[in-house]
Structures are given as structure tokens and as C-alpha cells.
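Chain A is already provided as a structure; the job is to place chain B on it using the hints.
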Amino acid sequence: MPDTLKVQEKAQPLLKVTDLAVRFGEVRAVDGVSFTIAPGETLGLVGESGSGKSTVGRAILQLVRSSGGTVELDGTDLGALNGERLRTMRRKMQVVFQDPRGSLDPRMRISAILAEPLVIHGLRDKTAMADRVRDLMRLVGLHDDMADRFPHQISGGQAQRVAIGRALALEPALIVADEPVSSLDVSIQAQVMNLLADLRASLGLSMLFIAHDLAVVRHISDRIAVMYLGQIVELAPRDRIYAKPLHPYTRSLLSAVPVPDPARERARKRIILEGDPPSPDNPPPGCPLSSRCALRRELGDPAECEKRRPALTETALGHHVACHFARE
Amino acid sequence: MTVSGPARSPDRPLLHLDDLHTSFAQGAIVAVEGIDLRVGAGESVGLVGESGCGKSAAAKSILRLHDPRNTRIGPGRILFEGRDLLQLSDEGMRKIRGREIAMIFQDPMTALDPVMTVGDQIAECLDAHERLSATARKARILELMKLVGIPSPATRMRCYPHQFSGGMRQRIMIAIALSCRPKLILADEITTALDVTLQAQVLELIRSLRDSMQLATIMITHDLGVVAGMTDRVYVMYAGQIVETAATDDLFARPAMPYTWGLLRSAPDLEAPVVERMVPIEGMPPSLADPPSGCRFAPRCPYGREICERAAPPLAPNPVSGPEHAARCWGTQQVKGGGWLIGHDWRAPNSDTPTSGKAGTNA
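Line by line, the protein sequences are chains A and B. Using the numbering used here, the first residue of the first sequence is number 195, and each one after it goes up by one. Using the numbering used here, the first residue of the second sequence is number -17, and each one after it goes up by one.
If we strip away everything but chain B, and leave its shape as in the complex, we get:
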């Protein structure tokens, strides 16, 4: 098929998660349930959702970073340049990690080794993948430290992580991720632990590196502000599933389903008028060990109808914005008993009374 596939995502994407499942505890907890996600070469994709929605579990599955003793990755495929990473041996995966796909973690203090100089940590990945002379190795470390904006790299490369500030440590993490010139970077909540002014610096750095190095990125985040400024396309996850996907501009201009609306309403916006009360999403996400049988968002959804609890909706194109914009919501789908949210203005007050009534207990 050549017609479908998200707008700016090419026919043969760099990465394609094809119906990927990841489960823990002998399959008792399905953290990632059949997600389909594509990233084109050089493209920046956002994977957004709240704690426990499965966004980090999905990212870690790509690099096989979960504890294999209690994790099952599959069924599904992780196609990287057309090759299924799930078919690779552990040795084969080692050639992918760092060199083809690298990951930047949220907390640079726990991700860095406290008893190893940052120069050696930056070179660790190089040492694993390339044979460099001592001079070439040092030159590459200095080049990387300069690239990410660490002042006086020649002296700083001999320092340990605790001698750096939080922002500088995150720059070191980025230098490590870039060291083997990967094609794809998975950035997992990389600015969450940073102060806002440092967050702005780090995002600016990622933006410029991405452009100059033709990097593809997956920005994994709960922050819609970061998504708005950093991504071309976005996937919204809820309770292990992708519930909405669209080009970033389209998602913000015409969000299709109530969970995305809820996220947008509760995202802080300094330029919006002050309100006396914020609009939260009532209740809390379901347990992944025992998810609702219908729509997973139904117990919290103020727009729900009878069909929502009876059957689980598929992720289907949103009739308003075209095939590249899809939502997992009966309200947006032209089926019997569905379709009542097509073209609904999410900013309008909700006249619908929820069928399921109470949104459950407060979180």
C-alpha cells in the first residue's frame, strides 16, 4: 500500500514500531499494547503521555534495555532501516546501541558513572564501536564537549560528574549519545529534572544539533510545551496504547479526542488568561494489570456514551483532518452509535453528561 501512512512520514521510515507489545511479570502487565509508530530519517517525533502510560517502556524496548528476566518484548516488530531488531542476538543489539540508536535519560546524575571521568564516559561508546588512537580519541572527546557547549573541555574532561552542574551533566549525556554519530536519538524526559532556564538551553542545543547532524529524534515527554516547540509529528499515549497521532500543528489546532483535550487543558500556558480554577482530568489512569474492556479512557471521560464501555475503539483516521490524523475514540468515528465528537470544539463547555457518571476516585 502506498497511499496511507502519516503525511510527513516516508514510506520506508527509519524506525517503524509495528504492532509492538511489551509486557512485564509473565505477561500480567501489558505496558505497551500494539503500538504503531514511525520515524522518518531526520524527523522529530513526540511521544507524549503521563506517568505509566508506556512511553518509556516503549522506548526502552527499542534498545532492549528492560530486565530480560521479567520482560517480554513482542509480539510485534521493531523495524530499523527495514531490519527487525527483535530478531537480533544480544551481540547484534550491542552494535545498534549507541552507534545506530542512542538514548538520553531523564536524570543525568544516576545515568552517569560517579567514579569515572566524564572524558572516559564520553569515550566509552567510541571504545566499544571504533578503534581509535589515543590522540584521535582525545580529539574526539574534546570535539564532542565543544559541540555540546562545555567550557574549557581540556580540563573538564578529567573531572567527575559531581563536579558539574545539572545542566552541564545533561550536556555530557548528550555528548555521550552523539559520540558514535547515531541516526536516531531517544530523548526520555531529558529536561524534566532541569530548571526552566537550563531546560531552554538544552532544548536549544538539541534543536541545533538535530539540524546540523540530520538526527532523527523521539522526544518522550509529558510536557506539551516541549512537544509544541520540538516536534514535527506527535503520538499521544494512554494506558499502553496510542490514542491520537497527527502532525504537531494539526494536533494542537484540531485535537480530536477527549484525553488529548484534557492534556491540553491542564498544560500550563503563561500567555493564556488567568483562571480561578484549572480544568483537571478527573480520576486516574487504569491499572495496566486490569484495564477496562471498552475504551481505556472511558471511566474518566466526560464525553462518554454507551458504546465506549461496551467496545474498545480502534485507532482510526479522524474525518475532519485527513488520514494522517488518527484517534482512538468512538466519538470521532462514523460508526453506529459513534461520531458525536466529529468537529466538536474542545474549548466549548461540555454539554454532554457522562454515561458512566462519576469519574472514579480522586488521584
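For reference, chain A alone in the conformation it holds in the complex:
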């Protein structure tokens, strides 16, 4: 392949999500979401319960049917594929779920769990298989003597390592990690986050890292997208979003995470969102945050917020925000 062509390919995003929509009956779980992930890039997708963040992940993996928009992996529209061709594309994208135990078959040994994707995708040679399983275990930091254990005989952190190893078995280009450390203790979280960061660097993986708050994704993400009620309300490079969050929802999310320091914690100003998020089967007209927005209250409840849904607009290089009034 000529070098120029290679360079051009590099510039293409690995994953391109355009105007994605997912409906469950009347519920608009995902409502017009667009973003790209470059090769080797990690996008943190942050949102609270019911924001639609996991549904975005599942729609990318073609685990739920989208009702609108497209998902392109390496230039191929996944929605147009089925059967064998979809299965081939699936090798390129793998998933790690939140609950490692719930995602491992309790009656399979660790070695069999790691071998399963290889078997499904046609590897038959026993020796090659055993070698590959051992390589995978080392890659994710599991001791060889764990191969014969069952999921209930290992810790939660180790189970998550198995799930990560299984996801890597087919050498995917993209990992969708759906809250992969949320169920682990903090000290173990750091171990697994380091593992993911190392793997990303050594294997050149792209990652969609889904999380419920802005603390976990901070160290691993290149860019961060914040979702609220099925929509992306802010998307920006990592350092910008923590230093200069623009959307009132992002601001309150940031202010809600407690910091481990009593003096700073006492001095902090919280932007507390009133009430609960509205139900996605009956979202407010206009901006999804309008019913709870601190900025809107501050501005004397402008009618604009309830009339028109703000579009995700670029305000500075790579910094996108969906708000009629957010300014730096």
C-alpha cells in the first residue's frame, strides 16, 4: 500500500456515529447523537442513570436496533449489514460490561471463557488456542494458575480482567467499556484503569469509555462527551471540559463529585440540580435541562429554553456545547 494512502486512512475516524436515535416505544432513549472516535483515541461518554449512555454503546455494537442515524466502523455502515458480514465486523469491536461476574458464565473455567471467542470465530488448533489463552492471561495480568478456576473462585477485579481479556481475544480495534470499574473498590479501580490505559497504549486501541460521573473517565479520556436525557449536551477535549465546562449540566456534574479534602470540600460551591431528571417518555419541550437548569433560573427563566432545542455548536476549537446561553 502506498504511504499516502495509509496517511489518508489514519485521518479517517475509526468510528463515526451520525444522528443516532434509539426508541423503546415512546421513550426516546437516544435522540440525535453524533460523534467520532479516531484510531487510538478514547472518548469518555458520561451521563447519569437514564441518560442513554449505555444505549449508545449497545446501538454501536448492534445489540439494540437503532431507529435512526448511522453507525460506521472503518467506513462501513453497520446498520446495513447482517448475518455473516455483521459477524465479521463484530470482531473489530468488543465490549466490557460493568458487572464482571454477571458477564462471565459461572459454569465455565477462566481458560474456556477466554477461548470462547476464538472458537466462535473459527480457531480450531488446540495448541494455538492454549498459547493464545495464556498470552491473553498474561496481557491482562492474571496468573497462569487461574486458568482452571471458575468465576466464583476469583475476585471482582480479577473477573474484570478476564472480561477484558475476552474482549481482546479477537484483537479488536474498538472497545466499548460500559462502566468497567464502577462495581470495584477504589484501590482495585485504579489497578483496572491502569491496565486499560496500558493496553490502549500498547495495542493502539480506540475506546468508548462509558461512565456515570466525571471522576473516573478523567485520566483515560482524550475527549469527553456529556449526555443528558438522550442527547449530548457538551463535547470537548479532556482538559478543556474540566477547566472550562460551559454547559450548566456539566458544571453541576463537576461540582457534585466530592473531593477527598475537608478544607476544599467545605469551601466548594455546589450547583445542586433541583428534583429528578424528567422521564424520557415525556421530555420537556426545548432544552432537556430547562426544568432543572440553574443558569436558566439565574437569567430569569427565558422562554427560549422551553421553545427551542439548542443544537450542539462548536464554540471554540473542538469544544461543542448545546445551550442557548452558555458563554465562557
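Source of the hints: derived by calculation from the structure; they are not laboratory data. Here a beta-carbon is modelled for each residue, glycine too, at the ideal position from N, C-alpha and C. Any given hint could be a false lead.
Stretches of chain A that chain B covers, calculated by requiring three or more beta carbons in the stretch to come under 8 Å of a beta carbon on chain B [as the list claims (entries may be wrong)]:
(1) 370 to 381
(2) 384 to 394
(3) 397 to 409
For chain B alone, kept in the frame of chain A given last:
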């Protein structure tokens, strides 16, 4: 003795766990091993540690909530206003639960009864302890629902738990806990299952209720951010034991021992600079069925010395910060072969090489 005892903890605390032990499976697993914990009236105390460290087992022991068929609480004493709760009959304990000491659990969905209206659940504790007329009962339910910020209580009291959001359910749990005006609330990971914005609301609510009702609280949590914002004093637990205790400000300013350092290093801090790699605590906690004979943290401790594996350290005052700050670590104690961590800056890179070498397998 009148001199000792933690700084802000009064001589006669509201609650005093005195060398409390709790074991399961005919004593094979000692989940709580000789903990000493005091809570003064109106004081807020944090009990912090990771899964399986015994923090919830200790809290449940206070209210005798474990299955009695496989649990042994004792030896030790649970002194509440000077009275040993372990000496009470089951009937006697029933008068304590809810009325004197109440507990709020982590998961409001499993702790609430799905087939009972929330109004009736809020009143259940009242019904057990007080005789109220129907009008007074309803007035009290409405008052409690208003207190915890549930909108339109008159209609909502007739709803069932599934008709409420997670945050609202946790408010209902708090209303139930407050219903009989207890003096002490045990809050067991109450915000863990909630989204951060709801967590902020619930913590704010607990703070204001605590101040207005003179409530003492034990915040049981793994989250040092919650400890920092919500407590006066803190106890750190590891593998069934208290390994460090101090006034909250002091613990964060001058943490004494390596396990606490590890917890602080791995606690997410949105205001700290971004780092490429986080600093985990390597390895994992020991099995409580067969804990290490020396210091229980020694197999994972990057600062360990020879003495750590040979002998178990006591919980002793930290020479740097005074008697109210104690740590279970030879490195902080002026004994032969110990004391090498006195005044050590925990943020400094560790020049010590661990004696025991490898931190065991990855978790």
C-alpha cells in the same frame, strides 16, 4: 482515666463499641476483630474501608441485624448511653431499633417493601413504638415526607416504591429512619447507588437534618470524598480491624499509615492534576478466614520492614499528631525496629523497597 479518648469525643459517648468482635460460621471468619469506636451525642463519625473490611458487619452488629444462626457478636461491649446492648433480650433490642438507633441502607429498592405504600412504611416504625390516632399518624407521615423533601406528600404517601425514582426512594428511607426521632443514625453507603447529582442532594439533606435534629451519625462509606465533607472524626478499617483513627481534618492533613495513604492516592480528585497512571494499592485484602499473623496490611505494603510480618502492631497514638490520632502500624511507633514512617511525607515517592517483595497477585 480522664485524659485519653479522642479529642472531640466526650468522656461518656453516646455509643461506645468496646473491643467488639463479630464472627461468622462458628467463629471461622472474624469479620470484626476488637474494634473500639466512640460516637458523641450529635457527632458525625466516618467508618471507611473497602468491601469486606468489616465496616457493615460492625454496623449491623450494633442493631443485631445479622442472622443469629451463624453469627456470634462478642466478646466485647456495645455501650449505648452507658448500657450494654449485648445484654438486652430480643424484646429489649426491639425497643432500641428505630427509636434510639436507626439504620439507612445502601439500596433503597431492596430495603423497601414493594407491596406496601410508602406512607405505611414510614409509619411502620411509629406503629411499633408509639400509639397514635389516625389523624396524628397521618400528620406525622406528611411532616416526615415534607422534611425529606418529597413533593406533594398527601398524594405520594399512597404510592408504592416503584413509583419513585432512586433519589426519592432514598429520601423515603431517610424519612423512615427519622420517624421515631432516634439519637443515632447508621448510614451504610447511602449514596453509593445514587447518581452524583442525587448524591449531592441526599448528602445536603443529611447535613441539614443532622444540624436541625441534633442527630449523631455514623457514615459508613468507601468514599473519602464523602468522609471529607460529612464527618468530624473518622475510623479507617482494614481486614476487620481499625487501622487508623483521627479527627477528619487531621486524618487528611497528616495521614499516618500506608493503607490510608493508599486509599487517599486512589481516591478520585477532580481538582488534582491529570496523571497518566493512577496509583493503586497492589494485591488484594487477605482472607478473613486466614489473616496474616503480623500486620494484616503487610503483604500489600510497599513500606514494610521485617517487624511487620513477625508481629501484629497495636493501634497506638501517632507521635506526630497527638493521642487522638492513632495508627496500627509499626512504622509510626517508637519501638525497637519500628518508627521509620514517623513524619514521613506520604506524597513523597517511596524509596523503601518492600521486604516481602511482591504484593501478591493482582486483584
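Status of each hint after checking the structure:
1. Three residues within the 8 Å Cβ limit are the bar, and the stretch 370 to 381 of chain A against chain B gives 3, so the coverage statement holds.
2. Residue count for the stretch 384 to 394 of chain A with a Cβ under 8 Å from a Cβ of chain B: 5. That meets the three needed, and the coverage hint holds.
3. Evaluation of the coverage hint for the stretch 397 to 409 of chain A: fulfilled, as 4 residues show C-beta separations to chain B shorter than 8 Å, against a requirement of three.
The earlier numbered hints are all upheld by this structure, with none contradicted.
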